[in-house]
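Protein sequences appear in the order of chains A and B. Position 176 of the first sequence, counted from 1, bears residue number 176 in this note's numbering, the numbering being contiguous throughout. Position 26 of the second sequence, counted from 1, bears residue number 26 in this note's numbering, the numbering being contiguous throughout.
Worth double-checking, as some hints may not be accurate.
[Unchecked claim] Using 30 angstroms as the maximum straight-line C-alpha spacing, the simulated BS3-like pairs for lysine-lysine come out as follows:
# : chain 1 : residue 1 : chain 2 : residue 2
1 : B       : K61       : B       : K50
2 : A       : K275      : A       : K251
3 : A       : K200      : B       : K269
4 : B       : K109      : B       : K50
5 : B       : K61       : A       : K275
6 : A       : K275      : B       : K216
7 : A       : K200      : B       : K258
For the record, the hints were derived by calculation from the structure and aren't laboratory data. Since we're looking at a predicted model, the values are computed, not measured.
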Amino acid sequence: MNTLLTAANSGESIGSATMLVSNYVFPNDIHVHWSMMIVLYPYITGLVDGAFIIAALYYLFDVKSLKPVARFSLLFALAFLCCATLPLLLHLGRPERNFNMLLTPSPSSAMAGFGYIYAVSMGVLTFIVLFVYRPVLVELRSTAKGWLQVLYRVITFDSIDLSQGARQLDAKIIRFLVGIGIPIAAILHGYVGFIFGGVKANPTWSTPLMPVIFLFSACVSGISAIILAYIVIRKFRGKSISHSAIATMTKTLTLFFILAFCFEMLEVFSHTYLKSGYHHMVEGLLNGPLASSFWLWQVKICSMIPLILLGVMGLFKLREGIYNLLAAVVSAILLLQVLIMRWNVVIGGQLMSKSARGYTAFHPEWFDKEGIIAVIIVMAIPFAILWGLGKIFPFWAQESE
Amino acid sequence: MKTDQEKRAFLKKVLDGTIAGSLYLVMPMAGLAMGNNTKDHASRKAPLEKLPEQVPGIRGKTYDILDQEFAFVVDITRCIGCGSCCVADKREYNVPDDNYRTWVERYVKGFSDQVYVDAPNGGLDGYQTPRLDIDELIRDTFFVPKLCNMCKEAPCVQVCPVGATFTTPDGFVLVDHERCVGCAYCIQACPYSVRYIHPTTKTVDKCTWCYHRVRKGLLPACVDVCPTGARKFGSLRDESSEVYQILKGPGVLTVLKKEMGTWPALYYKGARREVV
Numbered sequence: 001m002n003t004l005l006t007a008a009n010s011g012e013s014i015g016s017a018t019m020l021v022s023n024y025v026f027p028n029d030i031h032v033h034w035s036m037m038i039v040l041y042p043y044i045t046g047l048v049d050g051a052f053i054i055a056a057l058y059y060l061f062d063v064k065s066l067k068p069v070a071r072f073s074l075l076f077a078l079a080f081l082c083c084a085t086l087p088l089l090l091h092l093g094r095p096e097r098n099f100n101m102l103l104t105p106s107p108s109s110a111m112a113g114f115g116y117i118y119a120v121s122m123g124v125l126t127f128i129v130l131f132v133y134r135p136v137l138v139e140l141r142s143t144a145k146g147w148l149q150v151l152y153r154v155i156t157f158d159s160i161d162l163s164q165g166a167r168q169l170d171a172k173i174i175r176f177l178v179g180i181g182i183p184i185a186a187i188l189h190g191y192v193g194f195i196f197g198g199v200k201a202n203p204t205w206s207t208p209l210m211p212v213i214f215l216f217s218a219c220v221s222g223i224s225a226i227i228l229a230y231i232v233i234r235k236f237r238g239k240s241i242s243h244s245a246i247a248t249m250t251k252t253l254t255l256f257f258i259l260a261f262c263f264e265m266l267e268v269f270s271h272t273y274l275k276s277g278y279h280h281m282v283e284g285l286l287n288g289p290l291a292s293s294f295w296l297w298q299v300k301i302c303s304m305i306p307l308i309l310l311g312v313m314g315l316f317k318l319r320e321g322i323y324n325l326l327a328a329v330v331s332a333i334l335l336l337q338v339l340i341m342r343w344n345v346v347i348g349g350q351l352m353s354k355s356a357r358g359y360t361a362f363h364p365e366w367f368d369k370e371g372i373i374a375v376i377i378v379m380a381i382p383f384a385i386l387w388g389l390g391k392i393f394p395f396w397a398q399e400s401e
Numbered sequence: 001m002k003t004d005q006e007k008r009a010f011l012k013k014v015l016d017g018t019i020a021g022s023l024y025l026v027m028p029m030a031g032l033a034m035g036n037n038t039k040d041h042a043s044r045k046a047p048l049e050k051l052p053e054q055v056p057g058i059r060g061k062t063y064d065i066l067d068q069e070f071a072f073v074v075d076i077t078r079c080i081g082c083g084s085c086c087v088a089d090k091r092e093y094n095v096p097d098d099n100y101r102t103w104v105e106r107y108v109k110g111f112s113d114q115v116y117v118d119a120p121n122g123g124l125d126g127y128q129t130p131r132l133d134i135d136e137l138i139r140d141t142f143f144v145p146k147l148c149n150m151c152k153e154a155p156c157v158q159v160c161p162v163g164a165t166f167t168t169p170d171g172f173v174l175v176d177h178e179r180c181v182g183c184a185y186c187i188q189a190c191p192y193s194v195r196y197i198h199p200t201t202k203t204v205d206k207c208t209w210c211y212h213r214v215r216k217g218l219l220p221a222c223v224d225v226c227p228t229g230a231r232k233f234g235s236l237r238d239e240s241s242e243v244y245q246i247l248k249g250p251g252v253l254t255v256l257k258k259e260m261g262t263w264p265a266l267y268y269k270g271a272r273r274e275v276v
């Protein structure tokens, strides 16, 4: 049982650490307690954050080129935020007690804050969407009957005033809500990083850089998702693609990805250079059980290739079609990069036993409440919600385009 | 006459230790509300109050929970790796297989300074055969029992989102199974990996230093059965207790992962630097 996967067997891969690693895993460490649902949780909140950034750039910072995708970004963020708690509920041993976190939270626990931060995020985002789409909702209200009319009265704040003054007031409210939405979004995802960064018992997690890394990679995944979804949906529907929107998003993506990648590497190099405490264990982890998923997939394939492509897109003048195609490819790779990064942090971090002497292994199940099928379903639900939202709220600023 | 007294003293010692300990292994244990055999255990449960007092100063008076302090000392130089403590613990709590409230590790150190550690089945079966996979001259070998460190600054208590894991005023870190949501954050936070998710209740479980026994003036089950006195438990309010004498004395004691700042109430005597 205790002779599990280890780098100790291949002494050359962990160098001088061989002397210290003897492949002993604490008996209770053999099982990986936080599995794929806890990988999805930061991934989903990250998508929300990144999508919200795009909307904020338009609604708060007046980046006009993002107008075509601003409303879609909000809906995308809302659809995923609706499902942010789903992986957590599937993970809990006693999900029926989840409201205890809200009703009787322990003030010393970082995790106890999630419900409140999530509720505030959800509230602010919902209000932003309702104010942005108020003209559409007012129009729907006029034709609705029965309980639907009651619903529309509620979500239009019982106002059918679409005068210039009313719209200007709406715009001010939206700016205000987006303004407070940015720090809330940053807290939502920085906090998710802190959940891991605050675990001192795990040397791969316990770093103040963790919230920063999570935040930047969140922006990367969310912006990538908007670029990819925008291009795919518009292509699929045979509609035009705004090149200026793609270019602005790609430049923003480049900035956030450089920051995210630098911090991800900084953490690794700091461990490597300082050689303190658990260095030999972290080194053995990255060169052993995570050699493929970290160095090959996360760094070489899913980070270096996008960096090169983004460099080409930034430095050379490309034809619009090529540029958009590359933007879609880069976005798809970066979506995978962030997912792999979450995997390497969440599951990879647990492969290292607290005995500091060995590594355990993780084998995902297919039919488990935290299994592969469940992961696919959880990731499909936001898209179903998005499709439903699209039936009420038009995605694009000018559908006639 | 003197010989008779010595014999009696010897027998008393043996009965207090090995035989009593062995009996403990075959006698039905008081089961806690865990697992499938709860009813069976409850029906066979021997009243703890009727057993001879082992922790003086608790019975016969009001338990002042605010004025208690306990310590656990593991003397590594005495542990023989028999696994009695693990058996007693498993029977006391119906601990599910592959999960461990306590375990015993075997350390083997070679002349190359390589340290080989293992704990097959948590040491439950005792270490009856030597390791055959070590291809070097052995310098030293010893056993290290592990259990909850009852940290004074417990990370598990800090991170529990619902307060299901808490520290009692008398210093025990316990889990309220009625409140635990099974998020496993405490499992991540515990530097000593003494926690697990109980497969039946889906809530967290861990060593309690047998709080239910201590409150009735009895030693933790693992301490009670240890044939060599490697596990010691007692009140620090009782100056005659062995743990008080050890902590007061000049001997070197260590705690595990001191750098974590958890301030354990579990002390190790004779722990080598290799022990993590």
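>> Hint check: K61/B vs K50/B, CA-CA at most 30 angstroms. Holds or violated?
In response: holds (16 angstroms)
> Does the alpha-carbon distance linking K200/A and K258/B stay inside the 30 angstroms limit?
Replying inline: Distance ~12 angstroms between K200/A and K258/B Cα, so the pair holds.
>> Holds or violated: K200/A and K269/B, Cα atoms, limit 30 angstroms.
In response: holds (25 angstroms)
>> For K275/A and K216/B, compute the direct alpha-carbon distance and say whether it is at most 30 angstroms.
In response: Between K275/A and K216/B the Cα gap is close to 49 angstroms, so the pair fails against 30 angstroms, i.e. violated.
> Given the hinted pair K109/B and K50/B, is their alpha-carbon gap at most 30 angstroms?
Replying inline: violated (45 angstroms)
> Going straight from one Cα to the other, do K275/A and K251/A come out at no more than 30 angstroms?
Replying inline: At roughly 36 angstroms apart (the allowed maximum being 30 angstroms), K251/A and K275/A break the hint.
>> Between the alpha carbons of K61/B and K275/A, is the straight-line distance 30 angstroms or under?
In response: violated (55 angstroms)
Taken one by one, the earlier hints fail for this structure at numbers 2, 4, 5, 6, listed in ascending order.
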